[in-house]
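Take the given structure of chain A and dock chain B with the ligand to it, following the hints.
Each chain is listed here by its residues.
Protein chains: 2
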Amino acid sequence: MQLATYVCITVDLALAVFEEPAVYPLPFLATSIVEVFCLLAFFARLVHFSKVTPRNVFWKDTKNICVMVTILLNLIDLIIYGCLSIAHIQSIRWSRVLRPIYLVNFAESRQIRRAFRSIRNTLPEIFYVFLLFMFNVLIFSLMAHKLFGNRKLKTAEGEDYFENYLDAVFNLYVLVTTANSPDVMMPAYDYSWGYSIFFIAYIILNTYIFMSVFLAVVYNNYRKHLKNEIRKLAYMKRRKMAEAFNALKVKEGPDFVVTEATWTKLVKLVAPDISNSHRELLLRVSKEENQRWVGKEAFIRLADLLNIKVITMKARKHPIECWMPHLYKSAASRFIRQVVHHKGFVYAYDVIILVNAIFIGLDDRNPQISNAEWVFLSLYVIEILLKLYTYDPRNFFAKNQFWNWFDTFIIIAALVATVVNTGLKSGSQYNSQQILDVVFILRVLRLIRIIDSIKRFRVIVNTLINILPSMLTFCGIILVIYYVFAIIGMEIFKHKIRFFPENSTDPFALGCGTQTLMESAFAKNKYCKNNFNNIGYTFIVLAELTVVNQWHIIATGFSLVTHPAAKLYFMAFHVVIVIMVIK
Amino acid sequence: MQLATYVCITVDLALAVFEEPAVYPLPFLATSIVEVFCLLAFFARLVHFSKVTPRNVFWKDTKNICVMVTILLNLIDLIIYGCLSIAHIQSIRWSRVLRPIYLVNFAESRQIRRAFRSIRNTLPEIFYVFLLFMFNVLIFSLMAHKLFGNRKLKTAEGEDYFENYLDAVFNLYVLVTTANSPDVMMPAYDYSWGYSIFFIAYIILNTYIFMSVFLAVVYNNYRKHLKNEIRKLAYMKRRKMAEAFNALKVKEGPDFVVTEATWTKLVKLVAPDISNSHRELLLRVSKEENQRWVGKEAFIRLADLLNIKVITMKARKHPIECWMPHLYKSAASRFIRQVVHHKGFVYAYDVIILVNAIFIGLDDRNPQISNAEWVFLSLYVIEILLKLYTYDPRNFFAKNQFWNWFDTFIIIAALVATVVNTGLKSGSQYNSQQILDVVFILRVLRLIRIIDSIKRFRVIVNTLINILPSMLTFCGIILVIYYVFAIIGMEIFKHKIRFFPENSTDPFALGCGTQTLMESAFAKNKYCKNNFNNIGYTFIVLAELTVVNQWHIIATGFSLVTHPAAKLYFMAFHVVIVIMVIK
Ligand code: NA
Chain A
1 MQLATYVCIT VDLALAVFEE PAVYPLPFLA TSIVEVFCLL AFFARLVHFS KVTPRNVFWK
61 DTKNICVMVT ILLNLIDLII YGCLSIAHIQ SIRWSRVLRP IYLVNFAESR QIRRAFRSIR
121 NTLPEIFYVF LLFMFNVLIF SLMAHKLFGN RKLKTAEGED YFENYLDAVF NLYVLVTTAN
181 SPDVMMPAYD YSWGYSIFFI AYIILNTYIF MSVFLAVVYN NYRKHLKNEI RKLAYMKRRK
241 MAEAFNALKV KEGPDFVVTE ATWTKLVKLV APDISNSHRE LLLRVSKEEN QRWVGKEAFI
301 RLADLLNIKV ITMKARKHPI ECWMPHLYKS AASRFIRQVV HHKGFVYAYD VIILVNAIFI
361 GLDDRNPQIS NAEWVFLSLY VIEILLKLYT YDPRNFFAKN QFWNWFDTFI IIAALVATVV
421 NTGLKSGSQY NSQQILDVVF ILRVLRLIRI IDSIKRFRVI VNTLINILPS MLTFCGIILV
481 IYYVFAIIGM EIFKHKIRFF PENSTDPFAL GCGTQTLMES AFAKNKYCKN NFNNIGYTFI
541 VLAELTVVNQ WHIIATGFSL VTHPAAKLYF MAFHVVIVIM VIK
Chain B
1 MQLATYVCIT VDLALAVFEE PAVYPLPFLA TSIVEVFCLL AFFARLVHFS KVTPRNVFWK
61 DTKNICVMVT ILLNLIDLII YGCLSIAHIQ SIRWSRVLRP IYLVNFAESR QIRRAFRSIR
121 NTLPEIFYVF LLFMFNVLIF SLMAHKLFGN RKLKTAEGED YFENYLDAVF NLYVLVTTAN
181 SPDVMMPAYD YSWGYSIFFI AYIILNTYIF MSVFLAVVYN NYRKHLKNEI RKLAYMKRRK
241 MAEAFNALKV KEGPDFVVTE ATWTKLVKLV APDISNSHRE LLLRVSKEEN QRWVGKEAFI
301 RLADLLNIKV ITMKARKHPI ECWMPHLYKS AASRFIRQVV HHKGFVYAYD VIILVNAIFI
361 GLDDRNPQIS NAEWVFLSLY VIEILLKLYT YDPRNFFAKN QFWNWFDTFI IIAALVATVV
421 NTGLKSGSQY NSQQILDVVF ILRVLRLIRI IDSIKRFRVI VNTLINILPS MLTFCGIILV
481 IYYVFAIIGM EIFKHKIRFF PENSTDPFAL GCGTQTLMES AFAKNKYCKN NFNNIGYTFI
541 VLAELTVVNQ WHIIATGFSL VTHPAAKLYF MAFHVVIVIM VIK
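Chains as they are written, first to last, in full-length UniProt numbering: chain A, 1 to 583; chain B, 1 to 583.
Next up, chain A with everything else stripped away, as it sits in the complex (with noise of 0.2 Å):
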């Protein structure tokens, strides 16, 4: 069930393949029978909860309500599409951008539900510092408008210098986020060094102490609401504790309690899986010795106890032991085992790896050092095989254990791109540019394991490993926001630039196929497949003015061919953006 909901949004969300502009064109009838049986399999899962649920409980949940509506603009906006482009009336599927709505409101997805929420309450005080910043560049637009345009200075491509206020608002906006740094200082600090120092108390003021204001608003914001949720939550769980206890309980004495018997089938029924021994521990955490019964506070405790996780750590054998011990245990076999445990066993692999790199930094065209390559290969896999052999796999490939899993991933996956590579050298002369590639990098990311030798370097390690889960639901909301422009972006933007290849003989081929941008810093930073023509350029366009850097670029290219306010679309992007990271 969960997995199925799982895969109709990803099919639902993933319709922008397809639909136009698209990546690979298919008939709207296609498209839209696949979101309508989406559509069904949402509602089918929202009539699932409601008889799950009770009724008042599923109908104040603003997540239902929020999917029904949805649902039902999904539905309206499709047919309105439908018909309109049977009477061939060109529309817009506006309706596309409120999918993302079901990746965040399914209960799934609790982590990146609990992050918009806390947005949305940082949003208030976040808008009184925006406004104030607002204002803020307003002034300063105003004091280089009057201050530098009617100078007729020239920027260094030749334009006028804050000539026109909205321009200067735009460019001190630029300012801000450092990008035009410092082209747009140049002109008025060449005309008069004095006027540098309007730019830099500019920048000082509006990047960086702005920004520090915004984060302490912001992280302040955030701890108090972070501690009321945590507060809420422990409340709401110990009232919960406390209602079973007095269903529970039983008088003993001056105190309610609960009998030893009525505790243990209470923790078989909600915690089945664990262990006999396991709960025997609990219970003789939970009661007083020689006691038979589990006092008030210590049955409040069980929850927590249940969340605790007690590692089974067992001294098993080797499988191969197990099947062939008298193998297992020869001289040979022990000697073997006992070189692999050896520190020297390690080192000499370093000694390989440096060797490896030595030969990757070489030119990998000498049929020669491609057939070193092999031995390389050949001497990773023994490695592997003699720690197989040597330590439990069941333990080899624990859960903790990221390098021996890094490790086989590399090595299998380069083992399999050789071959196929070597398979098709030999039977066509045909040597295939991507697959090469991949065989490259994975060589080149074999050399990482040397950080797992030195201990300070693992240490790091560990610390971004340990970061990882948090970027996940990082991850969830920046496709949730990347979405949502990319379906606006495309159906502004869509075919407005066009990239044309190298040996184009279209004469705007330089101009990104109009006369308009012939002359423009976009075209000659050839930006020109930066476009909005499908869902993965789009998203392309969308990291880089997540980097920032000559985002404004970008704008006004796209601006040129559309219409001024276009740049309002990059702009609220950076500012969604920037408030996403601060977070």
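Because the hints were derived from the structure by calculation, they are not lab data. For each residue, glycine too, the CB sits at the ideal point set by N, CA and C. Treat the hints with care, since some could be wrong.
As the list claims (entries may be wrong) - 25 Å max Cα-Cα, derived SDA-like pairs, lysine to any residue:
| id | chain 1 | residue 1 | chain 2 | residue 2 |
| --- | --- | --- | --- | --- |
| 1 | A | Lys152 | B | Asn366 |
| 2 | B | Lys526 | A | Gly194 |
| 3 | A | Lys526 | B | Phe198 |
To be verified - Looking from chain A toward chain B, a few residues come up when the C-beta cut is under 10 Å (computed):
| id | residue |
| --- | --- |
| 4 | Asn136 |
| 5 | Ala156 |
| 6 | Tyr191 |
| 7 | Val459 |
| 8 | Ile554 |
Below, chain B with the ligand without anything else, positioned relative to chain A:
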């Protein structure tokens, strides 16, 4: 004494303005005489220190040793340089780099010293993260070099694309700072869209994830050291107070105590400024009711108690009321004061500011609008006078009345500048642009006052004002780093790049004075004024490098006119600044 030291430090640092490459050139003899004078002053300060501190304390203090060695090195350098310049041999005044040591190591700049110490403590851990980071950059550069190097791709400027390994390292290092995104990606992306994954993965890993790890490491370390330092300080304080207690104690029943009389005498001695009632209050807090002595714990708390500022609020009479009570209490006078106290007064001036904003937005070459300026100016002056009449001037200019100070300063400055400007205009038909600019900026700054009328904004501005003290320490540190890098940068790059005004006839004016730069991005962006030809220009270049954007163009420009290794100077500056900003 303290002031004299500060003046000498400022003069010593300011010598860079007059030394080659100078803003205002002075002969070597003049600057060296001033420098010797400063060194003598520092030495005298040291001698004074050694007189007032015990011998072993003085010689154990690294600060003093540090200053002594620096004075010696400065003198040696001065003598060598002087001798060589008499013999007409060009040499380098290398010891100028050491001048900021005086700023850091005289006792007054404790905050800056603490910050530097905390940075030094973090360095080992930062170093390992940095090493891992550089390893990462080198591996990715190898990949990029091998993947793209032999595709014969060209950048938008027609240069080779990843064909040289060291260039690849530099390009990918710049990409970490995002300064050449997305330009560095475009050729590979145009060739095949899959390569964009390489660059996006690189930025995510090296810019975002590594920055998080960096921050985590620094933050943990910083907290640890701060805690240690505070604990040490608290311990020292406690120990000293305990010693004092032991010296003063008398037996009282089973315990040792300090008598009320001794306590009062002590407080009078160590804090002669506090009033009798304040001391009474402290005593009542320290001792038990009905006792005439102070216990050990309460005695030790005294140090903290004396740190607490007890603010005395007096209902003072307005000075005019003292001088002319009859006039001040008259009906008309009372009415005026009631008007000023009224909310409408604030609203009326908010409206005036808004009208003023509209007038500023209109064309200011219109003489009528010019005259309106006089009206506004007199309205603002009247506002300040009325407020001074209503509120006590001593309260109006209290320390925490930021906006009153701001208003008065802006209005008086505007008044002076406008009068000077009018005088110049009517006197000689000469219209100084600088003064006009100043008048205009002051006029716009007045508008900022509207912020104070909106409560939400006032809160934000107060946050901002609270951050200021920590900003000052930060400025001190930045000054030290800038100075060191400025001196080094001037020695390496002085006069390599020159700026020519718009109408210059120099054949290489477009190439900043050299053939080498004629086709470079540095010259095309008109960066010629970004040079190291005097300390003013140098500081502005360093400010631009701090902003990071386009720093690779500046670095490449200077490496073209000197040596590729010059890029190391700019990379070093970036690394140092990043470490600073993270703090
Ligand atoms: Na940038």
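Chain B contact restraint for Tyr191(A) - C-beta distance below 10 Å: It holds, given that the least Cβ distance between Tyr191(A) and chain B is near 9 Å, below 10 Å.
Classify the hint on Asn136(A) as holds or violated, based on whether any CB of chain B lies nearer than 10 Å to its CB. holds (8 Å)
Is Lys526(B) within 25 Å of Gly194(A), Cα to Cα? With a Cα-Cα distance of about 18 Å, the restraint between Lys526(B) and Gly194(A) holds, given a limit of 25 Å.
Hint check: is the beta carbon of Ala156(A) less than 10 Å from a beta carbon of chain B? At about 4 Å, which falls below the 10 Å cut-off, the nearest Cβ of chain B leaves the hint on Ala156(A) intact, so it holds.
Would you check the hint for Lys526(A) and Phe198(B), treating anything up to 25 Å between C-alpha atoms as holding? holds (19 Å)
Chain B contact restraint on Val459(A) - CB to CB distance below 10 Å: Constraint on Val459(A) satisfied, holds at 8 Å.
Quick check on Ile554(A) please, does its C-beta sit within 10 Å of some C-beta on chain B? holds (8 Å)
Do the alpha carbons of Lys152(A) and Asn366(B) lie within 25 Å of each other, as the hint requires? Holds, at roughly 20 Å.
Violated hints for the displayed structure: none, as all numbered hints are satisfied.
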